[in-house]
Amino acid sequence: MSESARGKGFNKTVLGITGGIATGKSTVAHYLAQAHAVPILDADDLARKAVAPGSEILQRIQVHFGPGVLDQHGALRRETLGNLVFNNPQERQWLESQIHPFVRQQLIIQAQALLGTHDQVVMVIPLLFEAAMRDLVDLVWVVALAPELQLSRLMARNHLTLDQAIARVQSQMPLSEKIKQADWVFDNQGTLADLYQQIDQAWGHVGAFMTKVNNQ
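Just so we're aligned, residue -1 is where the sequence shown starts under the numbering used here, counting upward by one.
Bear in mind the hints are in silico, worked out from the structure with no lab data behind them.
Please note that a few of the clues may not be correct.
Claimed, not checked - Okay, the calculated beta carbon distance ranges per label pair:
| no. | residue 1 | residue 2 | range |
| --- | --- | --- | --- |
| 1 | 76 | 164 | 15 to 23 angstroms |
| 2 | 115 | 150 | 35 to 43 angstroms |
| 3 | 187 | 89 | 31 to 39 angstroms |
| 4 | 43 | 89 | 37 to 45 angstroms |
| 5 | 89 | 206 | 43 to 51 angstroms |
| 6 | 107 | 150 | 31 to 39 angstroms |
| 7 | 191 | 154 | 20 to 28 angstroms |
| 8 | 70 | 96 | 36 to 44 angstroms |
C-beta atoms are modelled at their ideal positions from N, C-alpha and C, and glycine is treated no differently.
Model the full assembly from the supplied sequences, consistent with the hints where possible.
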């Protein structure tokens, strides 16, 4: 990891959680926060802040896509925008080019502040690899599911059709590729208890992993 997010603190750890859409990244992060008192930074939360009503980024989005992407209160119509970009790689890339720099900057600023009082910080970054944010974290946890289960969970959670769900999954790097670049992989096809057990086991190895990295 570059020193941009961690600063000069070589005994500090920035853990990145990623995976496919609807694979359970937030579930892992919430458990870490509750069971291990680790502060969490969520890239999706920052992305929502980037397009808050009245923001400069939202204004650029409106100019680019037209007034139909905003509701009567000036808030982003997420479903409308999603339908415009998830089947159009060029438009999706343009949108990400507006949002990702803001998210990256905020992750760095907030991580540096948290690491002043904590030894570990977790960043939940769905597009960790796609958005070239791997350098912000020391190690990578990937939360994985079988493709059919991922689609069914996504459809239920976001009230999507099968075609809409497939488009959203295909807009990201294949989960199999993320797994190849992971330091730890979680199988989230069982019960919550199963997942929590995996998290506790992985968390127990974080200190040893960082000691090895810092001694290289």
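Against the structure, the hints:
For the pair residue 76 and residue 164, the supplied restraint of 15 to 23 angstroms holds, since their beta-carbon distance comes to about 18 angstroms. For residue 115 and residue 150, the Cβ-Cβ distance of about 41 angstroms falls inside the hinted range of 35 to 43 angstroms, so the restraint holds. Checking the proposed 31 to 39 angstroms range against residue 187 and residue 89 shows it holds: the Cβ atoms sit about 33 angstroms from each other. The given range of 37 to 45 angstroms is broken by residue 43 and residue 89, whose C-beta atoms sit roughly 23 angstroms from each other.
With their beta carbons about 44 angstroms apart, residue 89 and residue 206 fall inside the hinted range of 43 to 51 angstroms. For residue 107 and residue 150, the hinted distance range of 31 to 39 angstroms is satisfied, since their beta carbons lie about 37 angstroms from each other. Between residue 191 and residue 154, the C-beta spacing of about 21 angstroms keeps the proposed range 20 to 28 angstroms intact. In this structure the supplied range 36 to 44 angstroms is violated for residue 70 paired with residue 96, their Cβ-Cβ distance being about 23 angstroms.
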